[in-house]
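Start counting the sequence shown at 4; every next residue gets the next number (my numbering).
Worth flagging that the hints you see were computed from the coordinates, not collected in a lab.
Being a predicted model, the structure only gives us computed values, none of them experimental.
Just the calculated beta-carbon pair ranges, DEER-fashion: (1) Pro167 with Arg42: 24 to 32 Å; (2) Asp185 with Leu45: 35 to 43 Å; (3) Tyr33 with Gly95: 18 to 26 Å; (4) Asp141 with Leu41: 37 to 45 Å; (5) Gly98 with Trp29: 17 to 25 Å.
From the three backbone atoms N, C-alpha and C, an ideal C-beta is built for every residue, glycine too.
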Amino acid sequence: MPHAPAAPPRPPRPTLRRALRHGVWWLEDYAFAAWWQLRAVLSPRGSDDYLSGDGRPVLVLPGIWETWAFLRPLIERVHDEGHPVHVIASLGRNGRPVEATARDVAAYVLEHDLHDVVVVAHSKGGLVGKYLMALLDDTRRVDRMVAVCTPFSGSRYAAWLVLPSLRAFSPRDATTVMLSRDQAVNERITSIYGEFDPHIPESSVLVGADNVLLPTGGHFRVLAHPRTVATVLAVAGRPAPDADRSAAV
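Turn these sequences into a full structure, and let the hints guide you.
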């Protein structure tokens, strides 16, 4: 008889000891975010400095209230491996609705005639990336996505927030519900998350995706985890589908 697919890895149940560890991770997470924000401001390099390279193109999508420069440490690591890294400075701090942002990203991909793209996204950026892949990419210019700490099923904390841009992450939000029901592109997504995320208690498990559970916690510091970096580089370093087809001819 066929075996049922293995359940995606989920964070362990909380205990007192684990709750204390989560508290430490929470503090470390905000210290980490502050440091990365400072690095984003101080670096003299602009977005065009990362466009060189012969590897597969990588498109970086930051989370809400993050500019592309917040992800500069990860961008530099990917660029050092020979990948041209595209960022969309016009997104600003990524505060617009997911659909509108995804349409801007789709327009950028078409304008720059990008193919075999690997999207690397943080938090909300993963929702934008999935919207792009599922609804705006009929010719499959985007091949894969690595999403770090993305609320694919929403966050129940969102209902308590004042700003509409944050309440949009509610599990009952129409866009969130639509994306969670559409599983057609999930197999092309790698979702990375820790066992504790102070912003996403539901975790970032995505049915049908390659789910990577890290033995750590946080919403921001997961970006710098060695396994996160290694996974991003591994996915970006895979042969492009066009290259596979050419080799088979």
